[in-house]
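Line by line, the protein sequences give chains C, D and Y.
Residue 231 in full-length UniProt numbering is what sits at position 231 of the first sequence, and the numbering runs on without skipping anything.
Residue 234 in full-length UniProt numbering is what sits at position 234 of the second sequence, and the numbering runs on without skipping anything.
Residue 255 in full-length UniProt numbering is what sits at position 255 of the third sequence, and the numbering runs on without skipping anything.
Note that these hints are calculated values from the structure, not bench results.
Just so you know, not all the hints are guaranteed correct.
[Stated by the list, open to error] Ranges between beta-carbon positions, derived for each pair:
# : chain 1 : residue 1 : chain 2 : residue 2 : range
1 : Y       : P46       : D       : I285      : 49 to 55 Å
2 : Y       : V134      : D       : D39       : 27 to 33 Å
3 : Y       : A29       : C       : E299      : 28 to 34 Å
4 : D       : N204      : Y       : S88       : 43 to 49 Å
5 : D       : G215      : Y       : A12       : 36 to 42 Å
6 : C       : A198      : Y       : R7        : 53 to 59 Å
7 : D       : V89       : C       : E299      : 56 to 62 Å
8 : D       : F207      : Y       : I63       : 49 to 55 Å
9 : D       : V214      : Y       : T115      : 39 to 45 Å
Since the structure is predicted, the reported quantities are computational estimates derived from the model, not experimental observations.
Positions of the beta carbon are idealized from the N, C-alpha and C atoms, including for glycine.
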Amino acid sequence: MKIKRSGVAAIALAAAGALVLAGCTSGGAEPTEAAASSAVITVNNTEPQNPLVPTNTNEVGGGLVLQNIFAGLVYYQADGAMEYDVAEDITTEDAQTYTIKIREGLTFTNGDPVDAESFVKAWNYGAALDNNQLSSYFFESIEGFSYDENVPELSGLEVVDDLTFTVKLKQPESDFPLRLGYTAYFPVPASAWEDIEAFGENPIGNGPYMLDGEGAWKHDERIDLVKNDEYDGPREAQNGGVDMILYASTDAAYADLQGGNLDIIQEIPDSALQTFESEFEGRTVNQPAAANATIVIPERLAHFAGEEGKLRRAAISHAIDREEVTEVIFNGTRTPAHDFTSPVIDGYSEEIPGSEVLEFDADLAKQLWAEADAIAPWTGSFQIQYNADGPNQGWVDAIANQLKNNLGIDASGAPIPTFNEHRDLITSRATQTAFRAGWQFDYPSMFNGLGPVYGTGAGSNDGDYSNPEFDALLDEGASATEVEAGIEKFQQAQEILFEDLPAIPLWYTNGMGAWNETVDNVEFGWDTWPILHQVTKSE
Amino acid sequence: MPSNTRPDQQHYVAPLEETPLVAIDKVKAEGKPSNLWRDAWNDVRRRPMFWISAALILLVVIVALFPGWFTQTPPNNDCQLSNSNGGPVDGHPLGFTKQGCDIYSRIIHGTSTSLSVGLIVTFLVAVLGVVFGAFAGFYGGWIDSVLSRIGDIFFSIPYILAAVVVMSVLSAYRNVWVISLAIGLFAWPATARVLRAEILRVKNADFVMSATAVGVSRFRILLRHVLPNSLAPVIVITTISLASAIVAEATLSFLGVGLPSSTMSWGNDISAAQFDLRTAPQTLILPSIALSVTVLAFIMMGEVVRDALDPKARARR
Amino acid sequence: MAGYIVRRLLQAIPVLLGTTFLIYFMVFAMPGDPIVGLFGDKTPPPQVLERIRAQYNLDQPFIVQYFIFLGGIFTGNLGTSFSGQPVSEILAATFPVTLRLAVLAVFFEMVAGITVGLVAGLRKGGIFDASALVVSLILISLPIFVIAFVAQFVFGIQLGWFRTTVGTGAPIQDLILPALVLATISFAQISRLTRASVIDTDGQDFVRTAASKGLSRSRIVPVHILRNSLIPVVTYLAVDFGVLMVGATVTEGIFNVPGVGRTLYQAIIRGEGPTVVSFVTVMVLIYLIINLLVDLLYAVLDPRIRYAK
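Put together the whole structure using the sequences plus the hints.
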């Protein structure tokens with residue numbers, strides 16, 4: 001999970017864009033004819049919010065750094081397809097015990113070998129509660145993991161030989177190998193354990209890039225990466241390095257792009273949404289990514305339980321004109337939702353039965369609302385809680401206006417000053433209104449967008465949705481050994497969501513970016529990030 | 001009637017009553033005693049600038065009190081995204097905001113909020129600033145130390161932190177009064193310091209010495225002599241701070257600690273329009289013009305009053 | 001005089017204690033759990049939350065947290081930010097940058113504000129006076145982000161006179177544009193204050209005396225009028241300098257200045273208590289010193305002011 005505090009999270013690619021890009025990536029990750037150059041490219045980034053330890057980085061600023069200086073067992077191509085990187089192969093017979101083999105002869109940039117130990121120790125460190133790692137819960141399905149006591153070594157992890165280890169899960173989970181490209185699963189060199197704090201400041205990895213010496217991370221200013229010549233893998237850098245300039249405001253980064261001080265921007269500020277595609281014609285990207293936005297309506301709210309609740313939820317969904325909001329408020333930089341996941345996720349379909357509820361139909365909305373009123377008359381006003389330190393007011397007000405106009409009810413946004421308070425109110429269940437939510441996929445799997453968010457008792461199920469039928473379908477899908485069989489179950493599970501509407505899907509977040517003529521071969525991945533290693537730059 | 005010359009007199013001396021000196025020195029015992037405020041009033045009412053600013057202020061106040069007299073369009077209902085950032089059409093003379101609401105109507109209905117915030121904050125800042133500044137500057141010593149250091153503490157607290165805390169703690173009462181309190185409570189030290197400096201200067205002037213010599217009490221000297229002669233910079237700062245307060249309300253609303261977005265205010269609209277600065281600048285400029293005109297009226301009024309209260313400036317005319 | 005200075009410096013101690021306590025309390029009273037916020041839109045297991053809270057002492061009662069912080073100050077340990085960077089390092093990196101920016105901005109508004117105010121005051125009611133009023137009105141009714149965007153677009157992107165944002169190390173030439181933008185905020189106040197003060201002084205007896213002595217206007221204006229008009233202006237400049245040291249959040253963001261405003265705002269939003277309190281503590285110190293210097297300067301500008309006692 002890569003977090004953007006602003007909430008409506010970052011980007012990746014899909015629908016129209018995905019088709020085009022799938023064409024150029026299908027042959028492999030490396031661009032076909034790019035001439036490798038030694039020029040250093042510049043890209044905007046934000047100050048990492050945590051030390052640069054893989055199991056302690058869960059937000060975009062640090063994530064982009066780690067993704068480029070580390071290589072995991074697998075990596076994801078631009079379209080989200082998984083490919084082995086450090087792994088020789090990953091095998092299982094029952095989707096519960098996995099045997100992982102590592103390619104021979106790989107090293108970290110300090111010479112330490114990339115071996116089974118470097119993974120197992122890093123994962124044990126991340127999972128042990130005493131180490132207070134933000135990503136500890138990524139190891140919760142491995143046998144031995146506990147939230148109640150500190151477990152220094154997970155019983156499910158076993159080193160077989162130098163280059164082989166096995167992972168035993170608590171229950172069968174067929175998408176486990178798919179997760180292994182996520183930051184939390186990166187290896188850590190043996191020397192790091194002498195002083196993990198110093199490591200967090202000057203991390204040593206095994207990826208296509210490495211930090212440009214001690215102190216390459218100049219806090220709040222820049223992080224300089226240079227090409228790792230020792231790197232042996234599918235992501236070899238086609239440029240001399242990457243200078244990440246750290247900005248507190250995307251507006252400043254955009255101005256620098258215009259002023260020629262920056263090669264690539266990986267985010268477009270709200271003030272330039274209408275103009276960036278004409279200003280950088282032919283050098284922009286704007287395509288759906290593995291992230292979506294919803295409005296969660298907890299069942300505990302008055303009028304939103306039972307049959308009345310279903311009618312009102314459907315009415316609200318029909319009363320929102322997603323096309324209009326994404327076009328007018330976001331200038332087409334969001335893509336109206338047709339399901340609960342994302343178009344870049346394997347198994348995505350716009351044809352799931354029940355998805356018609358996401359279509360705008362003011363008359364039907366009014367009718368459904370009236371039917372609900374017949375069960376119990378509506379009282380009060382419909383409010384949508386959001387954090388005001390992110391760019392949310394515009395779209396929340398627009399949706400509130402649509403609900404007002406189309407349902408004839410009083411509706412408004414309920415701004416909360418800080419993201420911290422917004423999340424605190426939600427997790428402590430103190431929120432007594434609907435609220436905005438966003439989900440950014442940790443790894444490109446349909447299960448990741450459904451299980452943790454709508455499963456009974458799941459971590460991020462902040463609306464306390466519970467439907468045994470839905471849970472059962474999820475379990476069947478997760479333990480299916482065939483990918484297609486799993487996807488079929490997940491789609492059936494979504495049919496139930498369309499009926500219950502625990503959250504109203506709004507749109508998919510687009511990956512947006514632009515670049516100057518100085519660079520070529522710029523492509524953005526499923527996770528909204530620019531694929532930096534393949535960018536070429538003329539001297 | 002006595003004769004004009006005395007026996008031994010060599011020169012003609014005009015009787016006292018006839019000399020022009022009398023006109024200067026004589027005190028009109030039968031008239032009402034001269035009064036700073038009456039003099040000021042006699043002065044300002046002869047000035048066109050006073051009447052212009054008074055008319056403008058009156059207009060703004062009427063708009064604030066009776067928005068319904070000026071527009072029939074409700075400001076917050078029937079906002080259609082299809083009208084987003086649209087230009088003027090029949091019945092909507094200034095066009096539409098990003099959300100498709102009527103700009104003219106929003107400006108009219110926002111007047112009351114913005115004006116109230118501006119006035120309450122200005123009043124708060126003026127009162128706190130004058131009390132703290134006057135006592136600190138005039139009495140000096142430990143009174144100065146205590147009052148000035150309290151000012152320092154308030155001044156050092158980051159305004160955003162203070163506002164977030166005040167508004168969050170009082171989140172159930174998000175109205176014009178609370179937001180004005182949040183702004184005003186942390187804005188007065190600047191005024192206090194400027195007034196203190198001016199009083200330090202004025203309290204050594206000759207007329208203060210004279211008053212002391214005659215035995216006027218200290219407090220009375222401060223009130224009647226020192227303060228009126230030190231107010232000029234305070235008036236300048238407070239009239240301008242009216243504008244700053246209205247803009248500050250915008251910033252707070254933008255940070256989510258201001259008034260709810262269903263409350264119309266110029267600040268809310270200016271903030272909301274910032275992302276369209278490149279493509280629809282009118283949505284930002286129109287409420288800014290309303291703000292400018294209001295502030296202009298108050299600055300002009302402040303100018304006239306300051307001038308009228310300053311006896312030295314009056315003497316030169 | 002020396003006694004006065006020593007007394008003023010001693011007053012810093014209660015002020016510092018008062019301020020740190022107040023600020024710490026405010027950060028503590030700020031609603032929202034900073035640790036929950038670290039997980040973004042996802043909800044972490046409660047056990048994990050508890051442990052990380054304990055790591056930053058956030059599970060302790062307010063007064064305990066405050067004394068842990070206070071104890072840290074005396075041992076030179078101001079704590080660390082969530083990114084693991086010592087707060088003392090952050091202070092050392094950001095304050096010099098903001099100091100340069102603030103000095104530059106105050107310099108610009110001083111030169112522009114005093115010049116315009118002086119001319120407007122001497123020719124009260126003239127064309128120059130009226131246009132100065134109009135210009136300052138436009139500047140105060142435009143929010144700072146508008147001025148900053150326009151300046152950045154015109155001078156940085158279109159004309160290319162300045163770098164669009166501030167480069168690594170924040171060199172002076174990159175800070176000129178943001179400083180000019182910052183100067184526009186207070187230009188109105190400074191010029192109006194100077195104008196009022198000049199008009200006030202111009203009518204005083206000593207100016208008339210000087211004129212009747214036959215002194216030329218070119219001597220009276222700087223020596224008699226300007227010097228005696230400066231007290232409120234200098235006071236306001238000092239106040240403004242203090243404001244700029246903390247408050248330039250928006251401008252620092254737009255021009256990507258790695259300074260106090262940007263960092264402090266982030267720390268407040270993230271609920272990083274130790275960072276916020278340390279910054280404000282340094283701020284108070286700076287502010288106390290500036291005020292002391294200004295008070296001493298009064299005596300220079302106006303010999304009648306004395307701090308005997």
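Against the structure, the hints:
1. Y:P46 with D:I285: 49 to 55 Å: The hinted range 49 to 55 Å holds for Y:P46 and D:I285, with Cβ atoms some 50 Å apart.
2. Y:V134 with D:D39: 27 to 33 Å: holds, 30 Å
3. Y:A29 with C:E299: 28 to 34 Å: Given about 32 Å between the Cβ atoms, the range holds.
4. D:N204 with Y:S88: 43 to 49 Å: This hint holds: roughly 45 Å between Cβ atoms.
5. D:G215 with Y:A12: 36 to 42 Å: Between D:G215 and Y:A12, where Cβ atoms are some 39 Å apart, the hint holds.
6. C:A198 with Y:R7: 53 to 59 Å: Because 46 Å falls outside the window, the suggested range is violated.
7. D:V89 with C:E299: 56 to 62 Å: At roughly 44 Å between Cβ atoms, C:E299 and D:V89 fall outside 56 to 62 Å, so the hint is violated.
8. D:F207 with Y:I63: 49 to 55 Å: holds, 53 Å
9. D:V214 with Y:T115: 39 to 45 Å: Distance hint for D:V214, Y:T115 holds at roughly 42 Å.
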